[in-house]
Amino acid sequence: MREDVDLAKDLAEQVRAARGPLAIVGSGSKRFYSGTVHGTMLDVTGHRGIVEYEPTELVITARAGTSLKDIERALAEKGQMLAFEPPHFGDGATLGGTIACGFSGPRRPFAGSARDFVLGTRIVNGKGEVLCFGGKVMKNVAGYDISRLMAGSLGTLGVILDLSLKVLPCPAAETTLGFEESAANAIAKMNRWAGQPLPLSAAAHIGETLYVRLSGTESAVGAACKRLGGEVVENGELFWEEVREHQQVFFQGSEPLWRLSVPPATATLDLPGNWLIDWGGAQRWLVSGAPEANIRSVAAKAGGYATIFRNSSPACDSLTQLDPTTRTLQARIRQAFDPNGVFGGTGAAVAA
Amino acid sequence: MSAVIDSAAAERPFPRAELAREFRGFLPTECVLSTEEDLRPYECDGLSAYRRVPGLVVLPETITQAAQVLKICAARNIAVVARGAGTGLSGGALPLERGVLLSLAKFTHILDIDPLNRTATVEPGVRNAAITSAVALHGLYYAPDPSSQIACSIGGNVAENAGGVHCLKYGLTVHNVLGLKFLTMDGELISVGGKTLDTPGYDLLALMNGSEGMLGVIVEVTVKLLPKPERAQVVLAAFDNIEKAGEAVATIIASGFVPGGLEMMDNPTIRAAEDYLHAGYPVDAAAILLCELDGTNEEVSEGIGRVRELLQSEGATEVRTARDDAERLKFWAGRKAAFPAVGRISPDYYCMDGTIPRKHLGPVLRRIGELSREYGLPVANVFHAGDGNLHPLILYDANKPGELERTEELGGRILELCVEVGGTITGEHGVGMEKINQMCVQFSKEELTQFHALKGAFDPRGLLNPGKAVPTLVRCAEFGRMHVHGGQLKFPEIERF
Chain A
1 MREDVDLAKD
11 LAEQVRAARG
21 PLAIVGSGSK
31 RFYSGTVHGT
41 MLDVTGHRGI
51 VEYEPTELVI
61 TARAGTSLKD
71 IERALAEKGQ
81 MLAFEPPHFG
91 DGATLGGTIA
101 CGFSGPRRPF
111 AGSARDFVLG
121 TRIVNGKGEV
131 LCFGGKVMKN
141 VAGYDISRLM
151 AGSLGTLGVI
161 LDLSLKVLPC
171 PAAETTLGFE
181 ESAANAIAKM
191 NRWAGQPLPL
201 SAAAHIGETL
211 YVRLSGTESA
221 VGAACKRLGG
231 EVVENGELFW
241 EEVREHQQVF
251 FQGSEPLWRL
261 SVPPATATLD
271 LPGNWLIDWG
281 GAQRWLVSGA
291 PEANIRSVAA
301 KAGGYATIFR
311 NSSPACDSLT
321 QLDPTTRTLQ
331 ARIRQAFDPN
341 GVFGGTGAAV
351 AA
Chain B
1 MSAVIDSAAA
11 ERPFPRAELA
21 REFRGFLPTE
31 CVLSTEEDLR
41 PYECDGLSAY
51 RRVPGLVVLP
61 ETITQAAQVL
71 KICAARNIAV
81 VARGAGTGLS
91 GGALPLERGV
101 LLSLAKFTHI
111 LDIDPLNRTA
121 TVEPGVRNAA
131 ITSAVALHGL
141 YYAPDPSSQI
151 ACSIGGNVAE
161 NAGGVHCLKY
171 GLTVHNVLGL
181 KFLTMDGELI
191 SVGGKTLDTP
201 GYDLLALMNG
211 SEGMLGVIVE
221 VTVKLLPKPE
231 RAQVVLAAFD
241 NIEKAGEAVA
251 TIIASGFVPG
261 GLEMMDNPTI
271 RAAEDYLHAG
281 YPVDAAAILL
291 CELDGTNEEV
301 SEGIGRVREL
311 LQSEGATEVR
321 TARDDAERLK
331 FWAGRKAAFP
341 AVGRISPDYY
351 CMDGTIPRKH
361 LGPVLRRIGE
371 LSREYGLPVA
381 NVFHAGDGNL
391 HPLILYDANK
401 PGELERTEEL
411 GGRILELCVE
421 VGGTITGEHG
431 VGMEKINQMC
441 VQFSKEELTQ
451 FHALKGAFDP
461 RGLLNPGKAV
471 PTLVRCAEFG
481 RMHVHGGQLK
491 FPEIERF
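Protein chains in written order, with this note's numbering: chain A, 1 to 352; chain B, 1 to 497.
FYI, nobody ran anything at the bench for these hints, they're computed from the structure. Ideal placement from N, C-alpha and C gives every residue a C-beta, glycine not left out. Incorrect hints may have been included.
Heads up, incomplete: computed chain A residues facing chain B, CB under 10 Å, no partners named [unchecked claim]:
hint: 1; residue: L157
hint: 2; residue: P199
hint: 3; residue: V249
hint: 4; residue: R327
So that you can see chain A by itself, here it is in the shape it has in the complex:
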């Protein structure tokens, strides 16, 4: 394991000295999403280490270059976890990259998203200033919520130096159940159950099976299993890891992979291709060669939006469906952090 180092000053200096666009990079595990990197690399992996972790506070503070694996290991030792179940998408995934991309795993609809767990951050803005926002406490409304704004900003607003995240205790028991269901029935069931007091922690439909995970105390999980029926899925933990990490066969092709974010109870969508429905219906993966405009308009009609996730370029196009007024506002937000466009090297499409 590499040594813990605080490179904040050094990174700030590099931002101040930049003469052209910088591309903030961690391990590169999510490069497929950001598309081509332009400009000079600003490597943050050296800025690493857990700064503070006290299980009774339910808060961990770590530097951006710390590997997600190290963080998850430290938490697991104390029976705690990152409840948004972040996808790694690669062995070296860093904490900074995880939050900068803002991805969340199967637990998201029931526990919250990456941004929901951000409590505070230290960043370098485009002027090379080191700034702290938020903190290490659960409730904090002093100033605008810049810490949470950093989640999903793809390195376009600043270099994330440190993050304080809320953590939660691991559930005492977890069981995954499988039910033979069509997609349409699965969507209806997942949403009906999500409206009832059940200890749900994941719900997905793959192939012809609805998978549901229950988490909580032994007795609560046992009672819910009895109530819902279905078949217990062996190795549930591995199963959800494969869903989270896109290791299921579904994800293995080379056709474009789309992510559709829609209201969870949306009926099956009329688009050609293969579907994997996660997040209780709210996140739908589509492998399809259908025309882009078609996919986007179907998602928009359903009250959601679609992004190209893998196997296409340009990637990370999440802004392209925003209306002009919102786009202008987003571009101005970017300017407020990075007036000279220093962070133009990655995620360019976010606020281009």
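Use these hints to put chain B onto chain A, whose structure you have.
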């Protein structure tokens, strides 16, 4: 309150009559208030120590009308303060003598309830508790429950990122809002999110929650609804020492439990609440903890047993479990009415809102006690212990000369103490007008400048709620008790009086 400087003040007179005429061109007459007697009721929000009669009050009924009001003000360079139910505790809706107060009080419609997607879309003037009432028949509820929930409106909840007693488990307002529509100062309508779990681009929902009316005027809110837990039960534990109670809080959290609510009250508060409501609290206890567990029947049964054991092993002198829902509500009634109860024992009280890491609860409470003696002003403590969110109530008498000033100073010292131990000056009430000086203690010049730049992206001319939430650097330079880091004065290069 000592004079508050109206930052929008200019030399030319405020064109009240002219503006009122213009607004009445598209608003019903009764929706434009311009006489002294009509304006007076709007002079303050829930923080009555700060008062200012607004230049004009408008109460539009539609988004188009609200947009029109903003466009007219923008064209005339007139500042606007948005106001919901006016229950805010930091003076965030304090009006401007030379500005327009835009009340959202007429936006009271529930627009859509979607039980299958578990969302409700409502206008900003809908009361927090009214959402839960409207969706209860579907077995759903809206989780954030600030103590003012029967009166406060959802638009204000979003603007302040309101909390409540169930935040540790269910989050703040920001965690429970899925979509927003807001108007910019130029009257442009921006729509963010909806019934999806995320939105494209930068997370504007994160920014708008808690933005204190500085970035936009919220005109529609879509909230997430949760299934009502099968069962909720509350345990009351008494302690003969407040620090022991603080340690018990840490032990419960460390044991792998996330209670639905975990609240603490100190002796003065217990007595006041008991006198007021007869909740059955042990009046001799130095502190009581209220720990609520909710979830499935089995979960709660298992949890109650474990929590009782933990509390006893932490030295609780008495542990009681509410026998039924009626007793559970009685236990909570005392807590929820703690502020008015304290109001009965003192002519005035001043409510603070700092948050600290839980591990510092004991020492911070001890220090607050010392400060209370130093200033000769009693302090009652009631707070969201699970979140480390303190609400020290300073008891004073505004009619005694100088007492409010001393109260404010003591309050400031308490907030600075929160920052010192790694906490924040406000957990859920917002900065508003009240804590603007303490922002200078919590943030550096560069950080404040970044806030201003962000505000500029939404409202380049600074016409929305000017003078609140984020202090100017000049104000920080003038703020008397400035924070000193390692002997270094902050903002040394800025001229001060």
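Going down the list of hints, with the structure as the test:
no.: 1; hint: L157; verdict: 8 Å, holds
no.: 2; hint: P199; verdict: 6 Å, holds
no.: 3; hint: V249; verdict: 25 Å, violated
no.: 4; hint: R327; verdict: 8 Å, holds
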